[in-house]
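K.L.:
Throw the hints in and build the complete structure from the sequences for me.
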Amino acid sequence: MLEIKNLHVKLENEDKQILKGVNLTVEAGKVHAIMGPNGSGKSTLSYVLSGRDGYEVTDGEATLDGADLLDLEPEERAAAGLFLAFQYPVEIPGVGNLTFLRTAVNAQRKARGEEELSSADFLKVVRERAKTLKIDADMLKRPVNVGFSGGEKKRNEILQMAMLEPKMCILDETDSGLDVDAMKLVSEGVNALRSEGRSFLVITHYQRLLDHIKPDVVHIMANGRIIKTGGPELALEVENNGYADLLAEVE
Amino acid sequence: MALPKIKADATDARLAALTLPDGAGWAAEARQSALSRVAAMGLPIKRDEYWRYTDPTSLTSIDAPEAAVFENDEAPVFNDLDRLKIVFVDGVFDAEASDDLSLDGVEIERVSDAMNRDIHWAKDLYGVLETRGQTPVQRPLAALNTAFATDGIVIRVTKEVSKPINLTYLHKDVSSDAILHNLVKVEEGASVTLLENGPGAARFNKVLEVEVADKASFHHVRAQGRDHERRAVTGIFTRLGTESAFKSFTLTVNGVLTRNETVIELTGDDAIAHVAGACVGDGRDFLHDDTVFITHDAERCESRQVFKKVLRNGATGVFQGKILVKEGAQKTDGYQISQGLLLDDDSNFLAKPELEIYADDVACSHGSTCGALDDTALYYLRSRGVPKGEATDMLTLAFLAEALQEIENEEIADELGQRLEQWLGRRR
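As they're listed, the protein sequences go chains A and B. Here the numbering used here is used: the first residue of the first sequence is 1, the next is one more, and so on. Here the numbering used here is used: the first residue of the second sequence is 252, the next is one more, and so on.
Honestly, the hints are just simulated from the structure, not real lab data. C-beta: ideal position from N, C-alpha, C; glycine also. Hints may contain errors.
As a list, the in silico DMTMM-like pairs of lysine to aspartate or glutamate whose alpha-carbon atoms are at most 20 Å apart [unchecked claim]:
1. B:LYS423 with B:GLU347
2. A:LYS124 with A:ASP136
3. B:LYS639 with A:GLU91
4. B:LYS639 with A:GLU73
5. A:LYS141 with B:ASP665
Distance windows between CB atoms, simulated [what the hints assert, rightly or not]:
6. A:ALA120 with B:ASN564: 50 to 56 Å
7. A:GLU196 with B:GLY676: 34 to 40 Å
8. B:ASP626 with A:LYS134: 27 to 33 Å
9. A:GLU27 with B:GLY676: 15 to 21 Å
10. A:GLY147 with B:ASN564: 47 to 53 Å
11. B:THR308 with A:ARG127: 54 to 60 Å
12. B:GLY676 with A:ALA120: 21 to 27 Å
Coverage of chain B stretches by chain A, computed from C-beta distances (three or more under 8 Å per stretch; other residues unrestricted) [said to hold, decoys possible]:
13. 354-361
14. 626-639
P.N.:
Here you go:
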């Protein structure tokens, strides 16, 4: 599904190397988690994969089902099946949440040569999926993320994911700012989307989220590289001992 | 004081090329007095403070610069509304294209008919509000209009009118130079909605004087057409009575030069005046200027100005907005916001917000911003699969939405919103 090879990334306007050779393969249907201390490059990896400006790839490659991601515009990556659930979902005053969702869904369908959803069909699906995420009609009508609580914003991200039905989902610290109940709700939303043809890359600081979204593989990232890969037990190890030991091992 | 030579010469040349239209005694007097005022003030030149951002040369030249007629394949704005339609072609009333002018609660007449009668309500309004609007800032092009207007409509409203009155200004001649003067008098407790659309002429000088009596209300929505080369200078002069309301919204896309002046006097307590505008400008030749002057001269009045301009490819947007709170106008609530959205590095937004306050118990706020689209929002939309052009339009419309929200009639607001969306989409 997702293959990252020797990815090197620096900031566009600064001489600062952030990713220094990331290698990572996520197979179809699997959930991979990336953990790591602050500043290790986790969020940068998610931004670079989704096509945010401000970064320069100096070496390496990233492909999604063989397609060169780095060569595509952000919207093309989305149409190819990539989705990033943002750590800080963006507020967009003046654009209604429903309008936004419908435009996005239909833009992707159009890009893939599929027929656009009619207004009625779209509404039916969105209402149903919103309900399971406890997103009410009011939240659908309001401008995108404006005045939403932290939990509501994250639930709205998952709703977008549910509507867009991507094959590769990257969750960037989706647990940050969530209370226990909200985390459960969001996790349930994610778990409901798990399927054979869909993969997840879950970026998190804490093992807590991985109690709810059980990973197949856990990677530890530090200083712009994946320094260790293991099973779910690796997350527990980090939770108990912190990153110090792992970092020392590498040095 | 003698006028600077350059101004005096330009004014003399322009006035020499015009003749005062005929009319009954009172009209001749009003026109003559306006002419004297123009001669005394002189026509505007670029060096005038009030015209420092907008070069008036092409508005005062003897001949109107030519303007191509926009080939339009879409239905005119407001076409689907139940309304009374009044049509002008290049500034001349077109009876055949217009609806019958009778409507319950309103008297509608052509201005020339009103001027041919010695006793007419219009006598106390024609040029009167325009004259009041000449202080403290001179508006010579409006006085020129009062003197030389060749057509227009006068509307007296005595009840709540059941449907909007729609003035449509068609442009068919590439060198038409039209001067129109409209009057609206909304009597006590009455209310009316006036819609205006269309470019009017290659060069269009239009004045609208509106007297809103106590407890009366006047709603105004206009769309200034899509002709790329047309020039327009418009002036709205209004005076508001006690507990009255005036709400005006203008949508401008295209046109090389637009100067919309709105002069509002709140003279009765508890009156409300809202004036808003949305503008989309494209290209180095585009200049759009909103100049607003609101005078609070009564207690507990509310005024609100909301102007949004989207500018690209070197377009220029201008906003000059003033709130003057006179002594004794206590509990005034004044608000003013002007915002420019620059879609590239070549476009300009020039704003001059002003407050002048002589009462000590008022709330007045003003703000002005200018900036580019939010990169993060653009990236967010694109990351969801929305292509860049479409995402840009979505954010642009979102920016303009705040101004469109000022339109009370939802049907009209929706129509203009949809038009904007189509227009933006076509340019992609």
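K.L.:
Against this structure, judge whether each hint is valid.
P.N.:
Do the hints match the structure? See the list:
{"no.": "1", "hint": "B:LYS423 with B:GLU347", "in the structure": "holds (16 Å)"}
{"no.": "2", "hint": "A:LYS124 with A:ASP136", "in the structure": "holds (14 Å)"}
{"no.": "3", "hint": "B:LYS639 with A:GLU91", "in the structure": "holds (18 Å)"}
{"no.": "4", "hint": "B:LYS639 with A:GLU73", "in the structure": "holds (9 Å)"}
{"no.": "5", "hint": "A:LYS141 with B:ASP665", "in the structure": "holds (16 Å)"}
{"no.": "6", "hint": "A:ALA120 with B:ASN564: 50 to 56 Å", "in the structure": "violated (39 Å)"}
{"no.": "7", "hint": "A:GLU196 with B:GLY676: 34 to 40 Å", "in the structure": "holds (39 Å)"}
{"no.": "8", "hint": "B:ASP626 with A:LYS134: 27 to 33 Å", "in the structure": "holds (32 Å)"}
{"no.": "9", "hint": "A:GLU27 with B:GLY676: 15 to 21 Å", "in the structure": "violated (41 Å)"}
{"no.": "10", "hint": "A:GLY147 with B:ASN564: 47 to 53 Å", "in the structure": "violated (35 Å)"}
{"no.": "11", "hint": "B:THR308 with A:ARG127: 54 to 60 Å", "in the structure": "holds (58 Å)"}
{"no.": "12", "hint": "B:GLY676 with A:ALA120: 21 to 27 Å", "in the structure": "holds (23 Å)"}
{"no.": "13", "hint": "354-361", "in the structure": "violated (count 0)"}
{"no.": "14", "hint": "626-639", "in the structure": "holds (count 13)"}
Violated hints, in rising order: 6, 9, 10 and 13; the structure is consistent with all others.
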